[in-house]
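Asker: Sequence:
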Amino acid sequence: MIEIKNISKSFDGKQILDNVSFSVKKGECVAIMGRSGVGKTTLLRIIAGLEVPDGGEIIFSENARKTFVFQENRLLENKSVTENILAVAPDRKRAEYFLERCGLSDSKDKKAGTLSGGMKRRLSIARALSFGGDVYFLDEPLRELDEDTLNDIACLIKEEITGKTAILITHDEDSAKMLSDRIVYIEN
211 MIEIKNISKS
221 FDGKQILDNV
231 SFSVKKGECV
241 AIMGRSGVGK
251 TTLLRIIAGL
261 EVPDGGEIIF
271 SENARKTFVF
281 QENRLLENKS
291 VTENILAVAP
301 DRKRAEYFLE
311 RCGLSDSKDK
321 KAGTLSGGMK
331 RRLSIARALS
341 FGGDVYFLDE
351 PLRELDEDTL
361 NDIACLIKEE
371 ITGKTAILIT
381 HDEDSAKMLS
391 DRIVYIEN
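Sequential numbering of the sequence shown, starting at 211, is according to my numbering.
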């Protein structure tokens with residue numbers, strides 16, 4: 211379980227998050243939704259331990275292996291598609307499985323920097339899923355995907371996170387309903 215208790219955060223004197231509290235049960239996927247600029251990504255980064263809140267606390271009930279799909283793709287542009295995955299998840303069979311599932315097998319030897327935006331996004335997802343983990347932090351994982359690809363990748367993500375703890379940031383209510391067990395709305 212993850213307890214988010216009274217999280218507050220300001221930037222340049224502007225309050226972004228003010229006493230945000232909720233919990234995420236083990237094995238549950240919670241989507242966080244709200245307008246642009248409301249602090250969704252900041253909250254996710256605080257929960258993941260990548261950013262420090264001004265107030266409040268995050269409590270993990272157990273030591274968890276964390277997996278990320280960041281809002282930015284964060285790829286090794288000069289490395290091949292396969293090398294991008296193997297850099298964080300050295301199990302080659304698992305990497306090949308997720309490359310296939312994400313429709314990237316034919317591009318496995320291409321440099322990541324040569325891929326289209328949607329292909330880069332799929333590579334980021336394949337890398338995260340190849341790594342695996344106990345807790346998934348997914349920041350707009352389906353952005354830059356066309357509708358057909360979006361549905362396929364959403365189904366793959368759902369398969370992989372079922373039974374695992376996940377926090378999802380999205381603007382798309384349909385994606386939130388498809389991937390999550392419940393939705394938390396935040397506003398400022």
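Just to be clear, a hint being listed does not mean it is correct.
Cut-off 25 Å, straight-line C-alpha distance, at most; resulting in silico cross-link-like pairs (DMTMM-like, lysine to aspartate or glutamate) [to be verified]:
| # | residue 1 | residue 2 |
| --- | --- | --- |
| 1 | LYS374 | ASP222 |
| 2 | LYS374 | ASP264 |
| 3 | LYS236 | ASP358 |
| 4 | LYS374 | GLU287 |
| 5 | LYS224 | GLU272 |
| 6 | LYS374 | ASP316 |
| 7 | LYS320 | ASP358 |
| 8 | LYS236 | GLU370 |
| 9 | LYS321 | ASP349 |
| 10 | LYS387 | GLU287 |
Everything labelled a hint here was simulated from the structure, so no lab data went into it. Predicted model, so just to flag it, every value in this text is computed and none were measured.
Asker: All hints, please: hold or fail.
Answerer: Quick rundown of the hints versus the structure:
1. LYS374 / ASP222: violated, 36 Å
2. LYS374 / ASP264: Outside the cut-off at roughly 29 Å; violated.
3. LYS236 / ASP358: Judged against 25 Å, a Cα distance of about 31 Å means the pair is violated.
4. LYS374 / GLU287: With Cα atoms ~30 Å apart, LYS374 and GLU287 exceed 25 Å; violated.
5. LYS224 / GLU272: violated, 33 Å
6. LYS374 / ASP316: violated, 30 Å
7. LYS320 / ASP358: Satisfied, since the Cα-Cα distance of roughly 23 Å is no more than 25 Å.
8. LYS236 / GLU370: Since the Cα atoms of LYS236 and GLU370 sit roughly 15 Å apart, the hinted pair holds (cutoff 25 Å).
9. LYS321 / ASP349: holds, 24 Å
10. LYS387 / GLU287: Status violated; Cα separation ~33 Å.
Violated hints, listed in ascending order, are 1, 2, 3, 4, 5, 6, 10; each of the other numbered hints is respected by the structure.
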